[in-house]
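Heads up: the sequence lines are chains A and B, in that order.
Residue 1131, in this note's numbering, is where the first sequence stops; the numbers in between run on with no holes.
Residue 319, in this note's numbering, is where the second sequence stops; the numbers in between run on with no holes.
Don't take every hint at face value.
Looking from chain B toward chain A, a few residues come up when the C-beta cut is under 8 Å (computed) [as the list claims (entries may be wrong)]:
1) G231
2) P236
3) G277
4) L284
5) A292
FYI, nobody ran anything at the bench for these hints, they're computed from the structure.
Keep in mind it's a predicted model, so treat the numbers as computed, not measured.
Backbone N, C-alpha and C fix where the C-beta goes; we use that ideal spot for every residue, glycine too.
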Amino acid sequence: MNQRWWIGYGAIALGLPAVGWAIAPALGQSALATYSIRVTSGDDGPMQPDQGLTLREAIELANGTLTPEQLSEAEQALVQPLPAGQGSRIGFDLPVGQTTIALIDLLPEIVAPELVIDGTTQAGYDGSATYDPKFPAAPAVSLTVAEGSEVARGLTIAADGVTVRGLSLYGFRTSDRATKTTPPSDIFVSALAPPVDASPLSPALELFRLDQPDLAPRGVVIEQNWLGLPPDGEFPAVPSAFGVTVFNAVETTIRNNRIQNHDGSAIITGFRADGLQVSENAIIGNGLAGMPDAIRLEGTIAASAITDNLICANDGSGIYLFKPEGATQISGNAIQYNGRRFERAAVYLMGSDHQLSDNFIGYQPGPGVAVTAYPLSHRNQIRGNRYAELDGLAIDLNTQGNTEVQDFQKGDGPNPPRNSHHRRRETGNAAINAPQFDAYSFASGAAEVTLTGTADPGSEIDLYRVAEPGSPYSPLTEPLGTVTASLEGTFSASLALPPGTRVSAIATDPEWGTSEPAAVASVLAADGTQPDLPATPVEPPSCDPPTPPPAPVEPPPPLEPLRLEIPRNVHFALDRSNISTESAGVLDQIAAALLEYPFLTVELHGHTDPRASNAYNLALSERRSLAAREYLIRKGVPLERMRIVPFGETQRRSQGSGRVDYARDRRVEFVFTDVRGLDIIFVNQEADLQLE
Amino acid sequence: MRRNQRRLYRGLLFWLALVLSYFLSHAVPPSTVAQAQSQIFVNQASAQFVGPNGPATTVSNQTQVGATQPPPGPELPLLQITKTADRAAAEPGDVAIYRLLVTNLSTQPATPLTITDQLPLGMLYVPNSVQATPQQPTQAVTTDSSLTLTFASLGPGESVSVAYGVLLTPDAVRGNGRNIAQASAPGFTPVTAAYQMTIRPGILADCGTILGRVFVDKNFDGQQQPGEAGVPNAVIFMDDGNRILTDPDGLFSLANVLPGYRVGTLDLYSLPGYTLAPNLYRIEENSASRFVRLSPGGLGRMNFAVTPTFGEEQS
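Whole structure, please, built from the sequences with the hints as guidance.
What follows is the structure, given as structure tokens:
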């Protein structure tokens, strides 16, 4: 034991500054002087007494590792002591046109409690320039990485009550190594964050403790920031890796942020994130080249809540709970257009006692909510949600211990009724039976129709209207009402429904959770016919920020078929996935068409020639589609209108094996679809064919 | 033109030969085939060469094919021995039971009859396990690895059956598993019978076991602690092409692995969203593969720590 101490002292004596920062709070937390600091220089570099005060110097001042006496006179004028009991405040007074702080190295870990870093203090910030709290006004100060540098994290927060407000953070990532680094993020919240990797310069590891909950920072607030995108809203040249990593912190609040364009998840938890509050954020287009899920919850997440967010156009699930401990509450979110790259459930639940209520879940190439069969997941209440345009069940409980690859992504489809008590132990929500209507159709009475059926005794039956035609398991469009099943397991509901309505139902038992939906039954007219209800045109939601309220009302354009001549494929060189100049020209045309007609959506089908292995070609085709998508993203095409579908070598363009045939095979096809039934004329272009 | 005619002529001849040979082979009645089988074919070869004294011819000895053995006359003393066992393959620790059947095919008694059996390496005779029917040996000399039984007399046409147990020791793995029994009597030609038993290494097999886990590493030490969830359905590839899938808890095990240096790597395509985690404690484990020196019969471990990934397009 003594030896260890000596080694520790030796390490400190060797003078690793990071160790000093990390030790500082333990030594002087109570006596930390607090200041009001104004940052006036966007430069970065080692501390030096000069004209401007940098953010690095400001954080060091707040941390107590720098005293005002070490500053120049001009800098000292920017630092005002604050009375004890009040946290330091860092404001910004950057010169006009130099509001971007480009870091060349990691900023010191923030260990000053109650520190407020407030980007809204910068002149030019207009907090009123927003119509929706989910889309805060564009920040005036942006924090990014200097060109040629590699900085893993924007702000690393390790102290209680720190607030980060009104900043734009983007470009934080690390380059490829043999193994990856610890998660790089715009904002990393953890007690004593782990070093980026195992390089010799990393601080001593005795300091990296996870198991002591009292060390975890409490009450960190991250609000009104733009994470992953610069203040102009463009796609950044270097996307960030993750948005907010709540690695080891309790009661973190993430609200009113716009989190966009990350390689990995927008919000990801690590070891401990108890009491995490994620509310009113716009989480758009994340997971582009990494962890695909918008919000990924792992570790302990007791008493966490995800409320009123817009989760849109992310590459995987909207919310994925991976073997967490503790329950979360998910309510009031709009979770739509996710699953752009992986066909996953919009919300994937593992664990027990989660509550999902009043969400809109739609436009997903997978089920709405999936509940895993393993590890045991019970008592998940999934009520009052609205669903639309799903490729699967609205609620899918995995059964019979299904743990194949698909079961952890898309679920396993409708379950058979419980035929053994063993099913309870190997099915999500303890295999609560879906309600079953007594008939496929019910004749309407004079004013009301009486729907009868069977369900688990004592469970509460939520009846739903189903708007989409077709499948007996179409998404549950809107709740109609709730009845309780009798102790014999029958239920009956009288509702005033127009003939032609299709209805479904879910059962909820507080002891077990919510069931899968019932197969659809339809309401017949009194004479036994089933009239077709007029289809109500649905305005598909989008991920765009809200426009100013007094939008000029245009007369709706007549729905006439539009003839559109655009190319629908680009070609690639052998074993390459980069976009050539000719292909860029083609993509420009496609982007122009997509921007001109907002009702067009496109699937990017990647293909390769038949050489090399299937697996390699599948990966190559995915890289090709991703490259094409990235080009279109940079041209401003909204993410939610593009889907990646890699095909590998399975669907060749040609039959032969000549150079031209192979060149034709190496392509990305653009399959346009649209909501209005447009007539599109396609051109088979080969201007960018690349012979090897 | 002439050439074509000649070709045609040759083809016709060939066809004729085929047809003729077909009819000839069917024209011969089956009885002649049987006759031919009992015939004796005499074969002799000769060679010509130019020697120092001019051309010379040398002639080989005569050989006979198809000559059936004359049936054993009453005057020829003949024994027959058959050896079987209750199993074709055995492992160290098993007891195998051998069975010998000796028959006197002649008309004269074999007096006395001696049966010997030399056991192969690593097989031990189980003491007092000899059972003979219908007659009992007058003398039995047994050692650990050999057995000699003497019977008073085996009359013409009589048989004696002997069974005995043999214990396979670990040394049997080094032996060939083949043993030879011999029956002899004065005036008789000794006869032998061999039995080949396959010896499996069984409990002495030197195959090892590899086990491991794929999990989300939260403290980047390469070991799984509470709160670090296992990753289901991750794929590990071994150096010999074996593909292993983790279970829902992220665990896997691989039995019957040949000892030696074994390498496994994680197929990152099987776990989208995750990649190999850095190890902040051991630089060696910052590697895409795991290297195990598996001792014979040993246990090796391959743990893969993973962490959420980003920047997939770089690799």
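* Hint numbers contradicted by this structure -> Nothing - there is no hint that the structure violates, so all of them hold.
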